[in-house]
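Take a look at the letters that make up each chain.
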Amino acid sequence: MVDLSVDLGFLKLKNPVLAASGTFGYGLEFKPFYDLNELGGYVVKGLYFSPREGNKPPRLVETPCGLINSIGLQGVGVEKFCQEILPQLAQLDTAIIVNVCGEDEDEYARVAEYLSRHKGISAFELNISCPNVREGGRCPAQNPEATYRAVKKVKEVSSVPLITKLSPNVTDIVSVALAAQEAGSQAISLINTLLAMAIDIETRRPRLHNIFGGLSGPAIKPIAVRMVFQVARAVSVPVIGMGGIFSAEDALEFIMAGASAVQVGTANFVDPDVCLKIIDDLRRWAEQHQVEKISSLIGCVKA
Amino acid sequence: MLIDRQARIIEKKTWGSYHLFKIESPEIANRAEPGQFLMIKVSSQLQPLLRRPISLHNAENGTVEIFFQVAGTGTRLLAEKEAGSTIDLLGPLGRGFTVEDRLKGQEVFCVGGGRGIAPLYFLARKLKEVGAKPVVFYGGRSQEDLPLTGKLKELGLEVLVSTDDGSAGFPGLVTALVRETLPHRSPAFLYACGPEAMMENLAQLCQEKNLPAEFSLESIMGCGFGACFGCVRKIRRNGQPSYLKICQEGPVFDLEEIVWQEKENG
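As they're listed, the protein sequences go chains A and B.
Counting with this note's numbering, you get residues 1 to 303 for the letters of the first sequence.
Counting with this note's numbering, you get residues 1 to 266 for the letters of the second sequence.
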């Protein structure tokens, strides 16, 4: 019997597969497909303090092996989330991670502080890396100092374990990861989407109303694996890897690159039960390769 | 809502760029309602990545039917599938048309433009079951764009066709045909599916005549079941217009709810 569990220090997961924020709604959307308790956990859609309308459509464009989105974090806000949704999630026997958003450092802290007063949240994932909410795709994760300040601010108001989600739209991701760690982040998750653009050559207009969006899907996987490898070598906190994971083989690449757990995103849209398949296939792969503990593979790449 | 990865195509018909598949899938067929749709995997590879939303053309006796037109890579790959092969379906999805018993004995208009005719066959069948009298308006560019005329007539429906080039039926847009027919009839309800311009035009007409109506909207979709928030549209429901997901809250919306043209800074 393979042991699929992984220990992030602040959180023990029954397996390393999490569903990624923004691709899993609030989780309830996936209840018709399978028992959510099978998951290692999932990250609910990003929450601002107040409800948000999101960006104007069109919000999606499909590209080779990829998807560009500019959803803009449409969501219900913390109050409705805590009153109507969280009580349903709190009954689940799986890690519930809440993606925390903010227009500025104060809002990150306000959201974290509000959520901290409610039961049922295993950890926060600090979303300092969404490319769709500020002009030109800018975000705090593009700057080590801004990252440090945002993490610090949240740590001051909340004792809920904190994961910081990084952006690939930087020249040196390691410096940002180190800043997050120094400010007290207990884990690093990466990568968020890559800032991208597509043009309709007939109308000569951008395909997205917002002009730019975030690219996800298999197209970005090699970039994500590289960045996970770089960050995992540099930090001492656990790393959660994501970016184009569609199969157990993809997940294993991230684990070998140094990820203690992985997040599955865009694949959930195509096969709503893909996380289950990945968990089953991870178990099968480990059995075939006589791996007793999946955690023994973390960072095992010979490089 | 379920996934049927082994649904078998038992019949395929092709008219130029239009295709009709009859697919064996009892579980989906038993739950399906007119106006709902399926998300169909067109490739087992990673390209194209996303499923394609295709409306349910019919559901009966353990089978579902889809009717679609090749419009891009996804539908081209779908059209290449042959009878006897299996197909991966997710559905039935969305909120369909309202078919109420109070329509019994009443005339109702079902207006389809081009491939927008697809869900109206299933709808007209259900309307007949409750005793309503559906009149189907079927518009296309040319006669070749009206391959379902015979099938609709076989259902015992009154079918009025229009073509932009005048090669069959009323010469002109289907909206003009509806406008011309309306004074001689007294429909209790109008249902429509087709190009945006057609539906917006019909919405104006319905508002002028105080005719209640429902419209099936189309959008690019990421998932089809409410997870991605990619297919939103401004909808006026419970007060202020807000972005609702076409896949989950629609694709069918009430005439009064739809915001037709979103202003740049509105």
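Take the hints with a grain of salt, since some may be wrong.
[Said to hold, decoys possible] Below, computed lysine-lysine pairings styled on PhoX-like, alpha-carbon distance capped at 20 Å:
| # | chain 1 | residue 1 | chain 2 | residue 2 |
| --- | --- | --- | --- | --- |
| 1 | B | LYS22 | B | LYS12 |
| 2 | A | LYS277 | B | LYS41 |
| 3 | B | LYS128 | B | LYS104 |
| 4 | A | LYS277 | A | LYS302 |
| 5 | B | LYS234 | A | LYS56 |
[What the hints assert, rightly or not] Quick partial rundown of chain B residues pointing at chain A, CB under 10 Å, derived from the structure:
| # | residue |
| --- | --- |
| 6 | ILE87 |
| 7 | ASP88 |
| 8 | GLY224 |
| 9 | LYS234 |
[Claimed, not checked] One side of the interface only, derived from the structure: several residues of chain A facing chain B at Cβ under 7 Å:
| # | residue |
| --- | --- |
| 10 | GLY25 |
| 11 | LEU28 |
| 12 | GLU29 |
| 13 | TYR34 |
| 14 | ASP35 |
| 15 | ASN37 |
| 16 | PRO51 |
| 17 | PRO57 |
| 18 | VAL76 |
| 19 | GLY77 |
The set of hints was computed from the structure by calculation and includes no laboratory data.
Keep in mind it's a predicted model, so treat the numbers as computed, not measured.
Heads up, the beta-carbon is just placed ideally off N, CA and C, and yes, glycines get one too.
Evaluation of the provided hints:
1. B:LYS22 x B:LYS12: Cα-Cα ~6 Å, so holds.
2. A:LYS277 x B:LYS41: Distance ~17 Å between A:LYS277 and B:LYS41 Cα, so the pair holds.
3. B:LYS128 x B:LYS104: holds, 9 Å
4. A:LYS277 x A:LYS302: Given pair A:LYS277, A:LYS302 is violated - Cα atoms ~27 Å apart, limit 20 Å.
5. B:LYS234 x A:LYS56: holds, 9 Å
6. ILE87: violated, 14 Å
7. ASP88: holds, 9 Å
8. GLY224: Where the cut-off is 10 Å and the nearest Cβ of chain A is about 8 Å from B:GLY224, the hint holds.
9. LYS234: Since chain A brings a Cβ to about 9 Å from B:LYS234, closer than 10 Å, the hint holds.
10. GLY25: Status holds, d = 4 Å.
11. LEU28: Check failed: Cβ of A:LEU28 comes no nearer than 9 Å to chain B, outside 7 Å.
12. GLU29: Holds. Min distance 5 Å.
13. TYR34: Not OK, violated: A:TYR34 not within 7 Å of chain B, min 10 Å.
14. ASP35: Violated: closest Cβ of chain B sits about 15 Å from A:ASP35, beyond 7 Å.
15. ASN37: violated, 18 Å
16. PRO51: Result: violated, 9 Å to nearest chain B Cβ.
17. PRO57: holds, 6 Å
18. VAL76: It is violated, given that the least Cβ distance between A:VAL76 and chain B is near 11 Å, above 7 Å.
19. GLY77: violated, 13 Å
Checked against the numbered hints given earlier, this structure breaks hints 4, 6, 11, 13, 14, 15, 16, 18 and 19; the rest are met.
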